[in-house]
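Student: Now for the letters of each chain:
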Amino acid sequence: MLEVKKVSKSFGGLAALNNVNFSAREKSINALIGPNGAGKTTLLDIVTGMTAPDNGEVFFSGFDITNFSALNISRRGIARTFQHLELFGDMTTLENIMVGRHSKTKAGFISSGLRLPFAVKEERETRLRSEEMLEYIKLGHRINDTASSLPIGEQRILEIGRALATEPGLLMLDEPAAGLNIRETRTLGDMLKKICSDMNITIVLIEHDMDIVMRISDRITVLNFGERIAEGTPAEIQENETVIAAYLGVDDE
Amino acid sequence: MTLIIFVLMIIALPFLTGSSYTLTVGIFAGINALVAIGLCILMGYAGQISLGQAAFYGIGAYVSSILSAHHGLPVIASLALGMLAAALAAVVLAIPSLRLKGHYLAVATLGFGEVVCVALNEWGPGGPSGFGDIPQFSIPGYTFSSSAGYFYLVWLTVAAIMAFSLNLMNSRSGRALKAIHGSELASSAMGLDVVMLKIKVFVLSAVYAALAGGLYAHYVTFISPGSFSFFHSVLLLMMVVVGGITNLWGGIIGAVAVTILPELLRQFQEFDVLAYGVILTLSLLFFRDGIVPIVINKFKKPKVEKGSPKIA
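Chains as they are written, first to last, in this note's numbering: chain V, 1 to 253; chain L, 1 to 312.
Don't take every hint at face value.
What the hints assert, rightly or not - Across the chosen pairs, the derived CB separations fall in these ranges:
| # | chain 1 | residue 1 | chain 2 | residue 2 | range |
| --- | --- | --- | --- | --- | --- |
| 1 | L | L84 | V | L114 | 10 to 20 Å |
| 2 | V | T105 | L | Q269 | 53 to 63 Å |
| 3 | L | I76 | V | L128 | 37 to 47 Å |
| 4 | V | T105 | L | G111 | 28 to 38 Å |
| 5 | L | V107 | V | N72 | 28 to 38 Å |
| 6 | L | I76 | V | N72 | 39 to 49 Å |
| 7 | L | L84 | V | R186 | 54 to 64 Å |
| 8 | L | L84 | V | K106 | 17 to 27 Å |
Said to hold, decoys possible - Computed, partial: chain L to chain V, Cβ under 8 Å:
| # | residue |
| --- | --- |
| 9 | L168 |
| 10 | S171 |
| 11 | G182 |
| 12 | L185 |
| 13 | M190 |
| 14 | L192 |
| 15 | D193 |
| 16 | K200 |
Unchecked claim - Computed list of chain L residues with no C-beta within reach of chain V, every gap over 12 Å:
| # | residue |
| --- | --- |
| 17 | V7 |
| 18 | I66 |
| 19 | G72 |
| 20 | L110 |
| 21 | S147 |
| 22 | Q267 |
| 23 | A275 |
| 24 | Y276 |
| 25 | I291 |
If you are wondering where the hints come from, they were derived from the structure by calculation, not from laboratory data.
Each residue gets a CB set at the ideal place from its N, CA and C atoms; glycine is no exception.
Based on the provided sequences and hints, a complete structural model is requested.
Tutor: Given below as structure tokens:
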């Protein structure tokens, strides 16, 4: 599905990623964890075309997508959310979702301005499907609210809904549980599992909240200081001594 | 609905006033409104800025005038070619300017406006003093020579452009423009072609401005570069800010207000410019969002604040 091969990236003298391999298995939840500054977001930025790698390759469904633009990567079916929410704050929740369907629709400036029949029909369909998506992520009651007026938890969910509206094959989530309370995190976890099985998509989850990671992930990859230090099932990772050392530090004595 | 009331008002106005002076002021207000609607889309919706909008207005006026006065093209055709020329100029401006944001984009468009103004001064027919004998606007079988006729022509064009623009803003493309304003990063992650959208919105606003320029030239039948200078760009900007950039009706209201105001201030004689400046400053101080958004909020029920403040 997704194959990241020997990717390196440094910012100035700092090596954010050093020869990192990462793969996501089809139709499962793949977590990417690691302490702050381990290079998780950098890896996500590279896969989604927001940052160019210094070395290495990225393959998606067998195609080399290294150095593709964010636009092209999105059109190939990779959607993402952002650690520091990037919603269209002044637009309503429904409009945010509708923007997600942009590349699935065609009407241009002229056909929209003249309300040509095909554009009207397409618009109606976009609205309908976006309303369904809003119901699916349980934000139906927020349909006319602006995105910025939502509490953080709902903003995170809305961002996931907007990403799903692009009908991706791979959904990459950058700390979706950040800022959520325990109950909200639990709901989010259930929702991600449901999305993964309902829509048959692959999820890559970057997350600090170990509860949710251990509960819903099928595989976990651990990064530390730009290097991959472990990979395995949640049970394996919990037992892994290198991982424990990275998170808790080692006793010198 | 609003649009229907608007059209009825347009139709009624010449019956309410017989004075050709009022109609002439109305015509200029309508011409400015066309440019202002484009600026609202460019600035209020897509979040770009232009301090050189008068240049597109000038290109439309000059190209249409030269082609019809010196090359004998029918006005309809020359007007269309003027719009095409402005569209091409907008692409030329947009491509290098796309990387720029905020103040830098403002300066780039300002520079563009100056370049066009200098070019009109140097190479335009008649140089700085301009040229006349531009044919009046006509369609086969009818020449718009009366003020009432031209008033209808201009304002029904405004209504048509308004209808087109309102449709556009409530569509996939309008949402995309608002999205790139909200977050370019998220827009490209959603598969929006940010570069292309910016080019398109520049072109759209340029075409509106060129249409206005053509209507202006074929009404006054004499043009000179002075009408298309930086000062006019600022005046156009003033219109959309006074009216409210986040609402297309703001463009029309602002254009009417800023065009009519100097006429109303004539009675203050030499103090008119002073009063003009004071009124505009006060309106910006007290109606920062513009007239239209403030009026709309007055009529809307106060909304209960819910949830946390914006974090994104």
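Student: Each hint: holds or not?
Tutor: Structure-based check of each hint:
1. Take L84 (chain L) and L114 (chain V): their Cβ atoms lie about 18 Å apart, and the range 10 to 20 Å holds.
2. In this structure the supplied range 53 to 63 Å holds for T105 (chain V) paired with Q269 (chain L), their Cβ-Cβ distance being about 58 Å.
3. At about 41 Å, the beta-carbon gap between I76 (chain L) and L128 (chain V) stays in the expected band of 37 to 47 Å.
4. Between T105 (chain V) and G111 (chain L) the beta carbons are some 37 Å apart, a value that agrees with the proposed interval 28 to 38 Å.
5. At roughly 31 Å, the beta carbons of V107 (chain L) and N72 (chain V) sit within the given window of 28 to 38 Å.
6. Taking the beta carbon of each, I76 (chain L) and N72 (chain V) are about 42 Å apart, inside 39 to 49 Å as hinted.
7. Taking the beta carbon of each, L84 (chain L) and R186 (chain V) are about 59 Å apart, inside 54 to 64 Å as hinted.
8. For the pair L84 (chain L) and K106 (chain V), the supplied restraint of 17 to 27 Å holds, since their beta-carbon distance comes to about 24 Å.
9. With a cut of 8 Å, the hint placing L168 (chain L) at the interface with chain V holds, because the nearest CB-to-CB distance is about 4 Å.
10. With a cut of 8 Å, the hint placing S171 (chain L) at the interface with chain V holds, because the nearest CB-to-CB distance is about 3 Å.
11. At about 3 Å, the closest approach between the beta carbon of G182 (chain L) and any beta carbon in chain V falls short of 8 Å, and the interface hint on this residue holds.
12. Taking 8 Å as the C-beta cut-off, the interface hint given for L185 (chain L) holds, the closest approach to chain V being about 5 Å.
13. The beta carbon of M190 (chain L) comes within 6 Å of a beta carbon in chain V, closer than 8 Å, and the hint placing it at the interface holds.
14. With 8 Å as the threshold, the beta carbon of L192 (chain L) comes within range of chain V, its nearest partner Cβ sitting at about 5 Å, so the hint holds.
15. Hint on D193 (chain L) holds. Least Cβ distance to chain V is approximately 6 Å, under the 8 Å limit.
16. Below 8 Å, beta-carbon pairs count as interface contacts, and K200 (chain L) has one with chain V at about 6 Å; its hint therefore holds.
17. The beta carbon of V7 (chain L) is kept farther than 12 Å from every beta carbon of chain V, the shortest such distance being approximately 17 Å.
18. At roughly 27 Å, the least C-beta separation between I66 (chain L) and chain V is larger than 12 Å, which holds for a residue marked as non-interface.
19. For G72 (chain L), the requirement that its beta carbon stay farther than 12 Å from each beta carbon of chain V is met, with the minimum near 30 Å.
20. Every beta carbon of chain V lies more than 12 Å from that of L110 (chain L), the smallest distance being close to 26 Å; the non-interface claim holds.
21. Distance check on S147 (chain L): its Cβ is at least 30 Å (rounded) from any Cβ of chain V, clearing the 12 Å threshold; non-interface status holds.
22. Residue placement check: Q267 (chain L) keeps its beta carbon more than 12 Å from all beta carbons of chain V (closest about 42 Å).
23. For A275 (chain L), the requirement that its beta carbon stay farther than 12 Å from each beta carbon of chain V is met, with the minimum near 35 Å.
24. Consistency note on Y276 (chain L): stated as away from chain V, and its beta-carbon is indeed over 12 Å from all of that chain's, at 32 Å minimum.
25. A cut-off of 12 Å between C-beta atoms confirms that I291 (chain L) is not in contact with chain V; the least separation is 19 Å.
Violated hints for the displayed structure: none, as all numbered hints are satisfied.
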